Amino acid sequence: MIAIPPGSVGEVAPQRAGFLEPLILKGGKTLASYELVYETYGTLNAERSNAVLVCHALSGNHHVAGLAPGEPRKVGWWDNMVGPGKAIDTERFFVIGVNNLGGCHGSTGPASIDRATGQPYGAGFPLVTVEDWVASQARLMDRLGIERLAVAMGGSLGGMQALQWTLSFPDRIAHAIVIAAAPKLSTQNIAFNDVARQAIVSDPDFHGGNFYAMKTVPARGLRLARMLGHITYLSEDLLGTKFGRDIKGATYGFNYEVEFEIESYLRYQGDKFAQVFDANTYLIMTRALDYFDPAREAGGDFAKAVAPAKAGFLVVSFTSDWRFPPERSREIVKALVSHGKRVTYADIDAPHGHDAFLLDDAHYHRLMAAYMDNVAAEVGAGKRAGPLVVGGTELEEMKGYAGRGKP
Amino acid sequence: MTPRFDYDLIASWIPEGARVLDLGCGDGELLSKLSATRGVKGYGVEIDPPRVLAAVGRGVNVLQVDLESGLSTFDDNAFEFVILSQTLQAMRRSDLILKEMLRVGREGIVTFPNFGYWRHRVAILRGRMPVSRTLPYQWYDTPNIHLCTVKDFEALCERVGAEILDERVLHEGRIVGTLPNLLGSLGVFRFRRRG
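So the sequences go chain by chain: A and B.
Residues -10 to 396 (our numbering) make up the first sequence, in order.
Residues 519 to 713 (our numbering) make up the second sequence, in order.
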């Protein structure tokens, strides 16, 4: 028997939904059938008005909160935000986490068997976009009997999905919480993504994406991609504070082995990631980021692109986020304000960089809770039963690193 | 918390269903009041995190944007009223924010503590910086860096091209009729772009 920490939704088993209706993708290809893996927390009320969809970012999955059955160490990636009494209060809201198409955590993706060939899709898995994800998520909502979401929310790429929900299905979403996101990637963002992809595709073990048949894993490429990405998710200050110029040994070794603590840390993160993540999924997710640009179909006018939205918005940025800096969030705000749409914007003073959205900064969580309390009142989900529970988790990315970094 | 005598007067000027921008909205009291009683739509702008949180708690559409960097978030003529309530005196460039208000709103409403109020003058005559209900800070910790008198504000309106539509000076919630720049502690102005 596993002890359930306070504020946790407890053990949650993933569920699976199969879809036989073909999904026509934005890129022109069609997924004839697919499966989505998801988890739910809390209870859907009788009016079906209290559903909250949590969209994941690049490397996330459906395991948002609670513990994986029999694996108490596998805590959900946003467990500090979602649970009984937490900002996303599962005593009042029915929360859904879903692994996106093209992912590597159970939903149909490049490692899945293509029924047409009997082989893994590999490089043949079609490119999916944010719009495609939202369309597939809407079908899952149909399946769950949810006509209208109280909230779609997410950070980074997850925030883009929340935004896209309000454009693709304006009548099916009451509120969008868009955190550490942007209306589209900057040139620099795309550049980072391409270096990451090049690291993967140039790994000899990649085999043009069909490495499953070769029984190889392009771990070196994936590791490099993750190391690069990781640097951009954290602020320079945070890295400096955590690791400084600390060295592993007592003195310089005058060689190219791991010398500085930061090198050790990045390699640890890269190795950990390469063991569990799929290289093709990494390519797909980064491309989906690159392609996201609602303004493109509105003649380059983002304000025009958001015109269909009917939802209320909470837009959140973090002062130290240099990957998706606050100015990018303000672009979203400006476009929404130009139509007089309901929008609240907070710029959270946090030192951690882009990944701050995963942290349990008390002000950030209070703000989310205050907004969700308003949503609860609006959709008839009731009042908070007790004080807000702010989880005590450390930065997700720092978890498990046993190096000698400063505590 | 200082009682906000200016709120009732401002509320009386705002018509039903107007689009309102409240700059330096604090905890969102005025906007939530206007939205409840007048059905106004709009946004509050606030930079202080605890106040932003309080405004969210009131259900106000609050935007955490720094007024010092202007109102670039807002289009020209986007609002019927732009309110700057007891914030002008705390801004680095009080003149620029007035110009921005004239750009984004059809009418502007500004309230500010009147430095010309007689008790303030007496304090200065006695050789000390004034501390009063409208100016409750010591000189060394005050956020109010650009204090002005009612006459000073009239001159600034002239300078930035604002036509004054209504001008009241209050004290303890009452409108001061005689010698307002001397006997009133709170200036309340309503103006629009000239011409």
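One thing to keep in mind: the hints can contain errors.
To give a feel for the contact side, a few chain B residues facing chain A, derived at Cβ under 8 Å [said to hold, decoys possible]:
#1 561
#2 571
#3 579
Pairs of lysine to any residue, SDA-like flavour, derived with a Cα cap of 25 Å [what the hints assert, rightly or not]:
#4 A:173 <-> B:584
#5 A:231 <-> A:246
#6 A:299 <-> B:669
#7 A:372 <-> A:161
#8 A:372 <-> B:669
#9 B:551 <-> A:163
#10 A:330 <-> B:712
#11 B:617 <-> A:327
#12 B:617 <-> B:598
#13 B:617 <-> B:529
#14 B:551 <-> B:584
#15 A:18 <-> A:246
#16 B:559 <-> A:297
#17 B:551 <-> B:530
#18 A:330 <-> B:637
#19 A:330 <-> B:568
#20 A:330 <-> B:559
#21 A:293 <-> A:327
#22 A:173 <-> B:712
#23 B:551 <-> B:610
#24 A:299 <-> B:622
#25 A:293 <-> B:598
#26 A:330 <-> B:622
#27 A:330 <-> B:535
#28 A:299 <-> B:559
#29 A:293 <-> B:559
Source of the hints: derived by calculation from the structure; they are not laboratory data.
For clarity, every value in this text was computed on a predicted model and none was experimentally measured.
Think of the CB as a built atom: it goes at the ideal place given N, C-alpha and C, for glycine as much as any other residue.
To see whether the hints hold, each was checked on the structure:
1. 561: holds (7 Å)
2. 571: holds (6 Å)
3. 579: holds (6 Å)
4. A:173 <-> B:584: Holds. Residue 173 (chain A) to residue 584 (chain B) sits at ~23 Å (cutoff 25 Å).
5. A:231 <-> A:246: The hint holds at about 21 Å.
6. A:299 <-> B:669: violated (46 Å)
7. A:372 <-> A:161: With a Cα-Cα distance of about 23 Å, the restraint between residue 372 (chain A) and residue 161 (chain A) holds, given a limit of 25 Å.
8. A:372 <-> B:669: violated (50 Å)
9. B:551 <-> A:163: holds (24 Å)
10. A:330 <-> B:712: violated (29 Å)
11. B:617 <-> A:327: The given pair, whose Cα atoms are some 19 Å apart, holds under the 25 Å limit.
12. B:617 <-> B:598: holds (15 Å)
13. B:617 <-> B:529: holds (23 Å)
14. B:551 <-> B:584: At roughly 23 Å apart (the allowed maximum being 25 Å), residue 584 (chain B) and residue 551 (chain B) satisfy the hint.
15. A:18 <-> A:246: violated (46 Å)
16. B:559 <-> A:297: holds (19 Å)
17. B:551 <-> B:530: holds (12 Å)
18. A:330 <-> B:637: violated (45 Å)
19. A:330 <-> B:568: With Cα atoms ~24 Å apart, residue 330 (chain A) and residue 568 (chain B) stay inside 25 Å; holds.
20. A:330 <-> B:559: holds (10 Å)
21. A:293 <-> A:327: holds (9 Å)
22. A:173 <-> B:712: violated (40 Å)
23. B:551 <-> B:610: violated (29 Å)
24. A:299 <-> B:622: holds (23 Å)
25. A:293 <-> B:598: Holds: residue 293 (chain A) and residue 598 (chain B) sit about 22 Å apart, inside 25 Å.
26. A:330 <-> B:622: Answer holds: residue 330 (chain A) to residue 622 (chain B) is near 16 Å, not above 25 Å.
27. A:330 <-> B:535: holds (15 Å)
28. A:299 <-> B:559: holds (15 Å)
29. A:293 <-> B:559: holds (21 Å)
Violation of the numbered hints given earlier is confined to hints 6, 8, 10, 15, 18, 22, 23; the remaining hints are satisfied by the structure.
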